[in-house]
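If you use numbering that gives the first Met the number 0, the sequence shown corresponds to residues 0 to 298, in order.
Bear in mind the hints are in silico, worked out from the structure with no lab data behind them. Just so you know, even glycine gets a beta-carbon here, dropped at the ideal spot from N, CA and C. Incorrect hints may appear among the rest.
The calculated lysine to any residue pairs, modelled on SDA-like cross-linking and capped at a C-alpha distance of 25 Å, are [what the hints assert, rightly or not]: (1) 174 <-> 201; (2) 174 <-> 217; (3) 280 <-> 259; (4) 78 <-> 101; (5) 249 <-> 238; (6) 142 <-> 85; (7) 225 <-> 236; (8) 125 <-> 144; (9) 257 <-> 296; (10) 206 <-> 286; (11) 249 <-> 282; (12) 136 <-> 88; (13) 119 <-> 130; (14) 142 <-> 118; (15) 119 <-> 90; (16) 279 <-> 253; (17) 113 <-> 145; (18) 174 <-> 253; (19) 113 <-> 91.
Restraint-style ranges between C-beta atoms, simulated for each label pair [unchecked claim]: (20) 286 <-> 177: 32 to 42 Å; (21) 144 <-> 167: 56 to 66 Å; (22) 174 <-> 208: 17 to 27 Å; (23) 192 <-> 242: 24 to 34 Å.
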Amino acid sequence: MRIWLNKHFGFNKSEFNGLLALVFIIILLKTIPIIYYSYQTIEKDDPNLLSQIKKIEVTDQENFHKTRDRIESSQPLKKAQLFNFDPNSLSIDGWQSLGLSFKQAQSIVNYTKKGGKFYKSEDLQKMYTISPEMYQKLLPYVKIENQPSGYTKKDFTFEKKEYVKKSPVIVDINKADSAQLEEIKGIGGAFATRILKYRERLGGFYKKEQLMEVYGLDSIKYGEIKDQISMSSITLKTVNINTAQFNDLKTNPYLSYKQINAIIQYRKQHGNYTNPGDLKKILIINQQIIDKITPYISF
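Construct all of the structure, not just a fragment, from the sequences and the given hints.
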């Protein structure tokens with residue numbers, strides 16, 4: 000082979016030896032993983048190891064039975080004698096008479112002593128010390144007294160509040176303060192405040208029906224209170240229409256800013272007004288508005 004390589008590729012002796020060493024290394028690298036994993040497979044399938052794993056495996060069901068077995072008494076059980084019973088008041092002896100061991104009975108009695116309650120017959124199955132078979136045997140005999148539901152009956156006493164009935168009053172809406180307005184049946188603090196603010200803005204009321212212009216006080220509410228109010232003849236706050244400036248008229252709820260400007264500009268162009276009828280010459284002011292503002296203007 001060395002002669003063939005030398006003839007075709009020009010390999011000398013040292014190059015040939017190097018080639019052999021390289022081939023050996025490649026074969027070794029390919030062989031080692033195969034040998035290693037074959038050994039590992041044998042270890043994984045070791046019957047001794049599998050046996051140890053099986054010994055430490057336990058299920059949840061086995062744990063449950065072991066827990067229940069620990070509370071079983073080594074003492075011989077009494078012969079079961081079934082009778083009607085209330086699990087909330089039954090003694091240890093009573094539970095034992097039903098066929099439970101001492102430790103089982105003690106566990107249930109401790110539960111009730113610490114505040115536990117059985118509200119219905121089916122609650123008995125929540126005690127893990129009682130097996131499903133024993134539960135089915137005892138269920139027909141469970142008679143819980145004075146516990147129709149899961150809620151304890153309590154006596155509630157309600158304080159009877161006395162409400163002071165407002166006596167019929169007659170209140171002067173042009174002179175009353177907030178406290179006096181609240182004496183009107185159907186008028187609370189909020190309405191009283193609104194009425195006072197609107198009265199101040201107007202300069203006084205000249206008829207009762209103006210109350211329906213107060214925010215929230217509709218015709219129904221007005222019908223409830225109209226017989227409890229009066230209106231004295233007072234001098235309403237008025238503004239001279241011939242000398243008034245914008246700020247003097249802007250508080251009047253019946254006039255818009257555009258209408259106020261029109262009143263002032265018309266007066267500057269045509270002179271003073273002599274009577275309310277002159278305001279009809281302003282196109283954006285109708286008779287209804289004139290009737291509303293007449294009590295609050297002078298000439």
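Evaluation of the provided hints:
Straight-line distance between C-alpha atoms of residue 174 and residue 201 comes to about 14 Å, which keeps the hinted pair within the 25 Å bound. Taken as a hint, the residue 174 and residue 217 pair is honoured in the structure, with Cα atoms around 22 Å apart against an allowance of 25 Å. Distance check on the hinted pair: residue 280 and residue 259 sit about 14 Å apart at the alpha-carbon level, within 25 Å; holds. In summary, the hint linking residue 78 to residue 101 is supported, as the alpha carbons are separated by about 13 Å, within the 25 Å threshold.
Simply put, residue 249 and residue 238 have alpha-carbon atoms about 11 Å apart, close enough for the 25 Å limit, and the pair holds. Annotation: proposed proximity of residue 142 to residue 85 holds, straight-line Cα distance about 5 Å (limit 25 Å). For a cut-off of 25 Å, the pair hint linking residue 225 to residue 236 stands: about 23 Å separates their Cα positions. The hinted pair formed by residue 125 and residue 144 meets the criterion: a straight-line CA distance of about 19 Å does not exceed 25 Å.
Proximity of residue 257 to residue 296 is assessed by CA-CA distance (about 18 Å); at most 25 Å being required, the pair is judged to hold. Pair hint residue 206 plus residue 286 holds up; C-alpha atoms about 18 Å apart against a cutoff of 25 Å. In summary, the hint linking residue 249 to residue 282 is supported, as the alpha carbons are separated by about 19 Å, within the 25 Å threshold. At most 25 Å may separate the alpha-carbon atoms for a hinted pair to count; residue 136 and residue 88 meet this at roughly 19 Å.
Taken as a hint, the residue 119 and residue 130 pair is honoured in the structure, with Cα atoms around 18 Å apart against an allowance of 25 Å. Annotation: proposed proximity of residue 142 to residue 118 holds, straight-line Cα distance about 10 Å (limit 25 Å). For the suggested pair residue 119 and residue 90, the alpha carbons sit about 18 Å apart, so the restraint of at most 25 Å is met. At roughly 15 Å between alpha-carbon atoms, residue 279 and residue 253 fall within 25 Å of each other, so this suggested pair holds.
Restraint check for residue 113 and residue 145: the C-alpha separation of about 19 Å stays at or below 25 Å, so the hint holds. Restraint check for residue 174 and residue 253: the C-alpha separation of about 22 Å stays at or below 25 Å, so the hint holds. The suggested pairing of residue 113 with residue 91 holds, with an alpha-carbon distance near 15 Å, which does not exceed 25 Å. Taking the beta carbon of each, residue 286 and residue 177 are about 36 Å apart, inside 32 to 42 Å as hinted.
Roughly 57 Å separates the CB atoms of residue 144 and residue 167, a value that falls within the hinted 56 to 66 Å. For residue 174 paired with residue 208, a C-beta distance near 18 Å keeps the hint of 17 to 27 Å intact. Residue 192 and residue 242 have their C-beta atoms about 32 Å apart, which keeps the hinted 24 to 34 Å range intact.
When held up to the earlier numbered hints, the structure conflicts with none and fits them all.
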